[in-house]
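Sequences are here, hints too, so could you generate the full structure?
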Amino acid sequence: MKNNVLFKTKFKKIIDAFWLREDILETIPNCQCEYLDNNFRLLSVSSETLFSENELKPVFELYKTEFSIVERNISRGRLHIIS
Numbered sequence: 001m002k003n004n005v006l007f008k009t010k011f012k013k014i015i016d017a018f019w020l021r022e023d024i025l026e027t028i029p030n031c032q033c034e035y036l037d038n039n040f041r042l043l044s045v046s047s048e049t050l051f052s053e054n055e056l057k058p059v060f061e062l063y064k065t066e067f068s069i070v071e072r073n074i075s076r077g078r079l080h081i082i083s
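Under full-length UniProt numbering, the first residue of the sequence shown is numbered 1, with each subsequent residue one higher.
Keep in mind that the hints were calculated from the coordinates and are not lab data. Don't take each hint at face value.
In silico lysine-lysine, DSSO-like type, Cα no more than 27 Å apart, as pairs [as the list claims (entries may be wrong)]:
#1 Lys12 with Lys57
#2 Lys57 with Lys10
#3 Lys64 with Lys10
#4 Lys2 with Lys57
#5 Lys12 with Lys64
#6 Lys8 with Lys64
#7 Lys8 with Lys57
Below is the structure:
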């Protein structure tokens with residue numbers, strides 16, 4: 001089962017986008033984390049391990065980054081949530 005979450009982000013400082021990505025990679029085991037656009041607004045996080053956005057909330061708060069979930073996809077169940 002693969003867990004994919006697409007976040008919409010808003011940074012005060014662009015350099016924080018790099019460090020946020022690094023911290024997410026350390027927080028979620030065996031995950032992939034990449035920005036899907038050049039202005040660091042869409043962040044895709046995927047992992048074979050199930051995780052919840054609550055695990056990542058402290059990381060986003062550390063950088064004072066606004067975020068929201070755009071889409072969640074669990075490959076086995078095909079659950080899609082778009083807000």
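Hints versus structure:
1. Pair hint Lys12 plus Lys57 holds up; C-alpha atoms about 17 Å apart against a cutoff of 27 Å.
2. Distance check on the hinted pair: Lys57 and Lys10 sit about 14 Å apart at the alpha-carbon level, within 27 Å; holds.
3. This hinted pair checks out: Lys64 and Lys10 have alpha carbons roughly 9 Å apart, not beyond 27 Å.
4. Restraint check: the Cα-Cα separation between Lys2 and Lys57 comes to about 20 Å, which is no more than 27 Å; the hinted pair holds.
5. Under the criterion of a C-alpha separation no larger than 27 Å, the hint pairing Lys12 with Lys64 is consistent with the structure, at around 8 Å.
6. Of the supplied pair hints, the one linking Lys8 and Lys64 holds, its CA atoms being roughly 14 Å apart against a limit of 27 Å.
7. With a C-alpha separation of about 13 Å, the suggested pair Lys8 and Lys57 falls inside the 27 Å cut-off, and the hint holds.
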